[in-house]
Amino acid sequence: MARRHAIALLGGAVLAGLLPGSVNADTAAVPFGLQVDLFAKVADYDKTLPGRSQGLVRVVVVVRSGVPESVAAGARVLNALSSVPRISGLPHEDSVVELPTPEALADLCRSRSIGILYLSPGLLDADEAIAKALSGVPVLTVSSTADGARRGAALGFDLVGGKPKLLVNLPVCTAQGIRLSSDVLKIATVIP
Amino acid sequence: MTARRLASIAAAVAAAVTCPEARAGGQDLEGLLNESVVTAASQITETGRDAPATSTVITGEELRRYGVRSLAEALSFLALGTSAGQPTGATTELGARGITISGSNWEHFLLIVDGARQNGVFFGEAEFGPAAVPIEIVDHIEVILGPGSVLYGSNAMLGVINVVTKSAKDFGGLRLGVESAVWTSARPWASYGGSLDIGGTRAEVTAEIEYFRQWGPSLHFDPVYGGVDPATKLPYRYTTAPVGTGVWGGADSSSLTQADSPSAVGRVRLGKFELSFQGQVANEPIRASVVDFDTRAFEVNRRLLVNLAYADQLTPMLALKAHAYLNASDQSTTIYTSWAPECLDVRAVCRNVITTEGVAAGVEATPSFDWAHDGTIVTLAGVDAVARSGRSIFNQFDATTGAVISPSTGLVDHRDGALGAYVQQTWSPSRWLGLNAGGRLDYDPRFSPVVSPRVAARVDPWSNGTVKAIYSEAFRAPSFFESYFSHALNPLPDNLQPERGRSGEASIEQRFGAQRLLFGVFGAQWTNLISYYNFSSAEAEAYVAEGKALLPPLYQYRNLASVSSTGYNAAYEGTLLSGALEYGVAVTGAVARLQNPAGSATPLTVSPRVFGNAHASYRLPAPLPNVAIVAVGQGARPAEDAFSAGFRPIPYVPARLDLQLTLTGAVPGVSGLSYRLAGFWTTADHEPYLAGPNVSPSAQYTSPSLVPVERTRVVVGLEYRFNP
Amino acid sequence: MNARMPRCFWRAALLSALVPACLDYTPLGVSAPTDGGAEAGTAVSACIACASGEDDAGGCAAEYAQCNALGACRSTIDCVIAQCFDPNANIGPCLAGCEADGGVTASTGPASNAFAAFLQCMSTSCEAACLR
Chain A
1 MARRHAIALL GGAVLAGLLP GSVNADTAAV PFGLQVDLFA KVADYDKTLP
51 GRSQGLVRVV VVVRSGVPES VAAGARVLNA LSSVPRISGL PHEDSVVELP
101 TPEALADLCR SRSIGILYLS PGLLDADEAI AKALSGVPVL TVSSTADGAR
151 RGAALGFDLV GGKPKLLVNL PVCTAQGIRL SSDVLKIATV IP
Chain B
193 MTARRLASIA AAVAAAVTCP EARAGGQDLE GLLNESVVTA ASQITETGRD
243 APATSTVITG EELRRYGVRS LAEALSFLAL GTSAGQPTGA TTELGARGIT
293 ISGSNWEHFL LIVDGARQNG VFFGEAEFGP AAVPIEIVDH IEVILGPGSV
343 LYGSNAMLGV INVVTKSAKD FGGLRLGVES AVWTSARPWA SYGGSLDIGG
393 TRAEVTAEIE YFRQWGPSLH FDPVYGGVDP ATKLPYRYTT APVGTGVWGG
443 ADSSSLTQAD SPSAVGRVRL GKFELSFQGQ VANEPIRASV VDFDTRAFEV
493 NRRLLVNLAY ADQLTPMLAL KAHAYLNASD QSTTIYTSWA PECLDVRAVC
543 RNVITTEGVA AGVEATPSFD WAHDGTIVTL AGVDAVARSG RSIFNQFDAT
593 TGAVISPSTG LVDHRDGALG AYVQQTWSPS RWLGLNAGGR LDYDPRFSPV
643 VSPRVAARVD PWSNGTVKAI YSEAFRAPSF FESYFSHALN PLPDNLQPER
693 GRSGEASIEQ RFGAQRLLFG VFGAQWTNLI SYYNFSSAEA EAYVAEGKAL
743 LPPLYQYRNL ASVSSTGYNA AYEGTLLSGA LEYGVAVTGA VARLQNPAGS
793 ATPLTVSPRV FGNAHASYRL PAPLPNVAIV AVGQGARPAE DAFSAGFRPI
843 PYVPARLDLQ LTLTGAVPGV SGLSYRLAGF WTTADHEPYL AGPNVSPSAQ
893 YTSPSLVPVE RTRVVVGLEY RFNP
Chain C
917 MNARMPRCFW RAALLSALVP ACLDYTPLGV SAPTDGGAEA GTAVSACIAC
967 ASGEDDAGGC AAEYAQCNAL GACRSTIDCV IAQCFDPNAN IGPCLAGCEA
1017 DGGVTASTGP ASNAFAAFLQ CMSTSCEAAC LR
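So the sequence lines, in the order shown, correspond to chains A, B and C.
Numbering of the first sequence is given in my numbering, commencing with residue 1 and proceeding in unit increments.
Numbering of the second sequence is given in my numbering, commencing with residue 193 and proceeding in unit increments.
Numbering of the third sequence is given in my numbering, commencing with residue 917 and proceeding in unit increments.
Just chain A, same shape as in the assembly:
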């Protein structure tokens, strides 16, 4: 019985890695603590954040409970955020939400004046819909991966040469009313 169970587990692992339609959780390459440091620092250069935040920067981490990597990433990001005293000179309040519909997510951002929306790994299939729903919603969206930035998050991270790279999706920033200082754009990889 144990042997059959082990074989079933192994087979399941193989199939989970290969079957069409299986959720292909893109993997974040930059450590989550460093990602938090980076987007917290970028937030310092977001000229619209103080105005949007009304004295408190609300950070929401979006996870998908059925994707282990997403849940783990969410917990690590929250843990890293707990050691960041201020964002853009303001106190911050951090929380995790289970991925709702894109429209519900947009409503959440509007109603609670969310300053930063972090999209954990495992949401790649929803990135484009989320970006579309958030068009016009003033929120800084951050993806854990470079693909996430290309698919509609304002910021994303990549690891090249063992060093982190910051990707800025300029059209998305414009659509979401984010104005980043040129100091960021000079050292980031800009997606035109």
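Mixed in with the good hints there might be a few duds.
Claimed, not checked - Calculated pairs, BS3-like style, for lysine-lysine (alpha carbon to alpha carbon, straight line, at most 30 Å):
(1) B:Lys361 / A:Lys132
(2) A:Lys186 / B:Lys361
(3) B:Lys425 / A:Lys163
(4) A:Lys186 / A:Lys47
(5) A:Lys165 / B:Lys513
(6) A:Lys165 / A:Lys47
(7) B:Lys513 / A:Lys163
(8) B:Lys513 / B:Lys740
(9) A:Lys186 / A:Lys165
(10) A:Lys163 / A:Lys186
(11) A:Lys165 / B:Lys361
(12) A:Lys186 / A:Lys132
These are calculated hints, taken from the structure and not from any lab test.
Use these hints to put chains B and C onto chain A, whose structure you have.
The following block gives chains B and C in isolation, referenced to the frame of chain A:
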């Protein structure tokens, strides 16, 4: 204790610990983007400052910008704590923290490429020279200094070198290139990178093949005098000529600078699986004390490495990595010699051929448990099982007629298995405090199980400052050659034990803006170094009397010497002008001593006491080129056998300075075409490695012949990228 | 050592076609001398050449001469040369067999002493020529 209870305790501790100013508060964005990310130090993806080791990351962009052509050059030009020497014009020997073991074939470093362990089975050797890993496909190189056996087992005594190749997103399309050191070598290469979705699963492939050929330069070898050959009563021949002069060298030769090597490396990713492969056939010169001057001693190394890996986050708590690997290599070494005792027929020229083979096939699984689900308490465990085989044979032929001169010796045909199990516990109750403890148990049928522990602590006591303290141990198992190669007068070793190393280090790092300053001190002690022991007559007779051998032996591999090294590492690096200007300097000072069995202690030969590098590059606006310069310095180094060969004064090679200026950029007007132009110059005339036979000083020749050095070199390269 | 087909690690891989041939680990022996005496290019002649050399140049002339003068010792040497250089020979038992055949197995006695002295000299002064 449940995970939740453990997490609660951890949270309570974290709350009780006062938190200094946030880590990233004072570090600007450019500084954060300069942070290096490593995985080899603890098999966890983490920043270099969090890792339980002193590390350097060399990026692929730096490799291109600074004109680097091989792994050895990368480590020499751009890493902290490593130094390189060239025992031949086509091969390199690496040391770290003041310890270079001459002739060790890199067996005290563990080399990993895309998760595949590169060190061979028969000699424990690794390849760092040209074409070992085609340089264009390298994404980055992690240099983890110090003992690494806690996670990797044997060979990781001086450090772990982890090479990661590029993914398709950074190496896409078809590229063709050629590079030449004018006019002594050529290296054409081709590469491809691409990705596609297969039914929603991401697949990608990257590969590069290259052919490296070097045919010069011709270098002048100083003469040495061996005197009269007692076997012939005539002056030693040292050449293929029928009559000798007793002098070796004294002329130019390209015997140590000829090499050729086709190689290929690549990987295929499909979902959570990755298949990486690497192959090379390297024909390169070797240095031996028994080689006729007008011939070329060479070895042909063939390597095939295949690694199938799987990685996945199975639950929020449990992640799993596993891989199966094949490491197969064989080696055929050819040496021409015409004097006794290496040539049994002193009237002939002997062609000695030594053939070896080593194969390892294994599996390794590494689950990790994130108990609090947030990265604060993580247990990593692993099991590594490997089946190994090794064969060898030594033949001697008449170089002219092909007739067999002596019966085959050095016959080895051995198979065994080895097992390693390891565990590592990390605890980061706060982002400014990190603790790491672990150990690995290695089982090898040749010796008692070996335990390799490590404990490390990392504290960020003030803004952007990091203090580390690390203690670790490592070992190098005897190679198959050391354990099993024997002949009538070189008996098998008695209970040969693994070499052991212990190291303690402490460092302090300060980041300010985009700048980084590091200073660390270290102390290392190695014991049980394996080398040949020469029997005295009385010892040889006693050996026979004890029934250990039929004939009185002459030499035997034993655990003999010890090495100690204490010193410091210092580094400063940074960027300015939004990254357009990048620079760094790294210096290591170390006093390394060899404790001989007889009790005397001497400086470690071929090892520098002070060495380092400095580099700077500036990105000019297009179409102007990027300009980069690197300088490598090494203090004076004692020559091989300096303290035992009897030469006076004791031979040293003086301090040296190497400079390389590299220009890179796009060829104006030709889309997709780029160039790289480098000029190299060194103050050195010789390396501290002996060339020619082992001779005693004579009235006319008071110094040994040392390997000469190529003083200048110009390298030109072009790369064309299709559909950039 | 039993002769066997060379084991080919390339066989295990798709890449076996990329490598033309495995290296050969079959032990080689030396052809028997065809005209007796010392021939160029054979290990035996090199060994004898060394063993019969002058003492002050590293040979074993004195020991060789002394052994040659004793029939039992001489026949033991002849046996060793003929049989114990074969790559399939296990030198320990081969030496013991030649000693038994030649009659020098006694721990003392002129022939035994002479053979032991010559063996000792050969293994040191003529190690490379005779025993590698």
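Status of the hints after comparison with the structure:
1. B:Lys361 / A:Lys132: With a Cα-Cα distance of about 25 Å, the restraint between Lys361 of chain B and Lys132 of chain A holds, given a limit of 30 Å.
2. A:Lys186 / B:Lys361: Judged against 30 Å, a Cα distance of about 22 Å means the pair holds.
3. B:Lys425 / A:Lys163: violated (66 Å)
4. A:Lys186 / A:Lys47: Given that 30 Å is the threshold and the Cα spacing comes to 16 Å, the pair holds.
5. A:Lys165 / B:Lys513: Holds. Lys165 of chain A to Lys513 of chain B sits at ~25 Å (cutoff 30 Å).
6. A:Lys165 / A:Lys47: With Cα atoms ~21 Å apart, Lys165 of chain A and Lys47 of chain A stay inside 30 Å; holds.
7. B:Lys513 / A:Lys163: holds (23 Å)
8. B:Lys513 / B:Lys740: It is violated: about 47 Å lies between the C-alpha atoms, which goes past 30 Å.
9. A:Lys186 / A:Lys165: The hint holds at about 12 Å.
10. A:Lys163 / A:Lys186: holds (17 Å)
11. A:Lys165 / B:Lys361: holds (13 Å)
12. A:Lys186 / A:Lys132: holds (27 Å)
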